[in-house]
Amino acid sequence: MASEGTWERVLPGVWCMRVPYPNVLPYGTVNLYVIQDGSEAVIVDGGATGEHLALLAERLREMGIRRVTGIVATHYHVDHTSGIPELKARLEAAAFMHPLDIPAFNLHFPHAAGTFEPCPERLRAGEREICVIHQPGHTHGHLHLWLPDAKALLVGDHLVDEGSVWVGPPDGHMADYYRALDAVMQAGAEVALPGHGPVIWRPERSTERLRARRQMREDQIVAILAESPKTLAELTAALYPDVDPRAVPFARHTVIAHLERLEEQGIVRKAMSAADWIMRYARSEE
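Here the working numbering is used: the first residue of the sequence shown is 196, the next is one more, and so on.
To be clear, the hints were calculated from the coordinates, so they are not data collected in a lab. One or more hints might be untrue.
Unchecked claim - If you anchor each label on the Cβ, the simulated ranges turn out as follows: (1) V273 x P294: 15 to 21 Å; (2) P207 x A308: 23 to 29 Å; (3) S359 x L250: 25 to 31 Å; (4) I462 x P294: 30 to 36 Å; (5) W472 x R285: 48 to 54 Å.
Beta carbons: idealized from backbone N, C-alpha and C, even for Gly.
Start from the sequences, fold in the hints, and give me the full structure.
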């Protein structure tokens, strides 16, 4: 694994910078990718700011890149977009995002509203084609990018080699995330390039692991609710007893996403108690 802020060639013509971002566990970094062909490049995600943005600009010059044909955000979250407004201005390049995520970016980051335009279905760096695929799950407008010549899939925050990914409202939808995992399995990718952590050389193995982990959580929820109805706080504490305090909000939202999916399947129901006005979840047959 590359150290924080360093530059690593992960595939022929594909480079990765891991930018420190301490609130992202377990890696503490976010990946920025440069896809190059000759003097042209496409940049994917942009958490680099300050000295790391300067380092990126220096690397691009050293690589002989004279034109960046586009900067693509896989989704609008700050760790993937914080440096893109400045990067766009420096490189005089267009910045792209799925239309479903652009309003969320403009709302959360009004100082940078207008940075992004809707992403086309295909981008090019020199003769290299990059296919853009709308794949919701982590956010409504989450994107995957497919490099046919490398059989590589850039998966944003849908896959990691270690740990798990966060899926929760208002951005994420668990049923969509299951479909995103199916899409990764069916893509025929030999390698996946995630938004966090190292390159994934066996995407199908990581996909199966994450699907099993999500199913395990849903099985746990159903088992806990079989004992008695529970509040969201009680469920979160039971499912994540030793979670890092910084990760509690993410854990809570992931539980909500699982509960929504179980409600959609008719397995779980929720009801407000007239006694204390607290929402509780229960097995549907109760």
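Q: Of all the hints given earlier, name the ones this structure violates by number, lowest first.
A: Result: hint 2 breaks, nothing else.
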